[in-house]
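Undergrad: Listed below, chain by chain, are the residues.
Number of protein chains: 2
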Amino acid sequence: MAKRVTAPGPRDEKGVLAARILDAARGEFAQNGSAGTTIRAVARAADVDPALVYHYFGSKEGLLDAATNPPQRWLESVAATWATPVPDLGAALIRLMLGAWADDEIGSVLRSVLQTAAHEQSTREKLRRVVEGQLMGVSGLGVDDRDRQVRSALVSSQIMGLAMMRYIWQIEPIASMTDDELVVAVAPNLQRYIDGDLS
Amino acid sequence: MAKRVTAPGPRDEKGVLAARILDAARGEFAQNGSAGTTIRAVARAADVDPALVYHYFGSKEGLLDAATNPPQRWLESVAATWATPVPDLGAALIRLMLGAWADDEIGSVLRSVLQTAAHEQSTREKLRRVVEGQLMGVSGLGVDDRDRQVRSALVSSQIMGLAMMRYIWQIEPIASMTDDELVVAVAPNLQRYIDGDLS
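Chains H and S are the protein sequences, given in the same order.
Using full-length UniProt numbering, you'd call the opening residue of the first sequence number 1 and step up by one each time.
Using full-length UniProt numbering, you'd call the opening residue of the second sequence number 1 and step up by one each time.
Hints in this document: simulated from the structure, not taken from any laboratory.
A quick note: this is a predicted structure, and the numbers were derived from the prediction, not measured.
The reader is advised that the hints may include incorrect statements.
Same chains, same label: a pair holds when it works inside one copy or across any pair of copies.
[What the hints assert, rightly or not] Derived lysine to any residue pairs resembling SDA-like cross-links, with alpha carbons at most 25 angstroms apart:
hint	residue 1	residue 2
1	K126	M177
2	K126	E172
3	K126	G36
4	K126	I168
5	K126	Q31
6	K126	D65
7	K60	G36
8	K14	G62
9	K126	G27
10	K126	P173
11	K126	S176
Extracted from the complex, chain H is given alone in its bound form:
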């Protein structure tokens, strides 16, 4: 197979090739899990030599770990969104989710993590750590630590369920509703978890 010319852009060649490998790996892991994925198959999908995959990522475990790492800029936007004034936080969080999935790179990582976590223990553990420690952990809600955790976990449950229905399972009419329709429909429910009476 002829090697593709690397795409032009601001990254250096290593960055371009690594990104292409990770993109291919996300598809393979999501489809086949770690047990069903080979470095060779990822290399073929990325149109690179398998030796390059080993050179960049060391092993299949290293590749899985890199492919399912949440992008730093997304974690930063999550943290920034939690700083939204409380009365506006419900709408801000649903818009954050919609924006993340609309972003090619972040959407591709989120899709791969959710699909891979269904059947891959290590990815499920990573998802758990990220949700508990970084998606919920940065919130300043509630009257005490337990209340904060319950509230942000409930927020996550609604956002995750919406993401599964809209992007992974593509269940109608959630899959085709506009962003604005979803914000109007869902933000008040998130807002109750944020500052409503839950007892």
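Position chain S against the provided structure of chain H, taking the given hints into account.
TA: Just chain S, lined up with the frame of chain H:
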């Protein structure tokens, strides 16, 4: 490997063996997808002869289909729950979900469907059909057909997200909250989707 004696119980031997094969198949498909699952591996996990699996289910596709079919008695309890008086429906639906996952057989099917649907197109399509046609389809909510679909899809998004967090990903504190805590926290949000103002 010595064949296990079939368990005593009200079912005949065919029922017992078929149930054992389906139980094993659910685990294999959830873990490895259809592509990574063989009849031989399912037969080994169920401790039966592979020929028996072919005899009962015809093919791997037939086995996948049977393993991911929602139990009839669960679909009936879903339909019955939707007939709950509207003011009590939110609480009834969250209790329905908690009860289903606490039931060994139904919980095992639900877990397998959600895990397999992450990476198996045919199971994703079945999940979509079941949710759109049987979990949402039996509801009598809303002012028109579109409104009914939006409301019951939003209900599903919350219930599905909660199920993923509690049973599949096991994210705290959702995973260890009591049923009663979850009902109190979540039922009012479902109730808003059922009969609240969504615009």
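Undergrad: Work down the list of hints and note, for each, if the structure agrees.
TA: Here is what the structure says about each hint:
1. K126 to M177: For K126 and M177, the Cα distance is within 25 angstroms only across copies (21 angstroms; inside one copy 30 angstroms).
2. K126 to E172: So K126 and E172 pass the 25 angstroms test across copies only (13 angstroms; inside, 29 angstroms).
3. K126 to G36: This pair counts as both: shortest intra-copy Cα distance 19 angstroms, inter-copy 23 angstroms.
4. K126 to I168: Intra 19 angstroms, inter 13 angstroms, cutoff 25 angstroms: intra and inter.
5. K126 to Q31: both (18 angstroms within a copy, 17 angstroms between copies)
6. K126 to D65: within (9 angstroms within a copy, 31 angstroms between copies)
7. K60 to G36: both (11 angstroms within a copy, 18 angstroms between copies)
8. K14 to G62: Within one copy, since 17 angstroms is at most 25 angstroms while 46 angstroms is not.
9. K126 to G27: Both: 18 angstroms inside a chain and 22 angstroms across chains, each within 25 angstroms.
10. K126 to P173: between (31 angstroms within a copy, 16 angstroms between copies)
11. K126 to S176: Close across copies (19 angstroms), not inside one copy (30 angstroms); limit 25 angstroms.
The earlier numbered hints are all upheld by this structure, with none contradicted.
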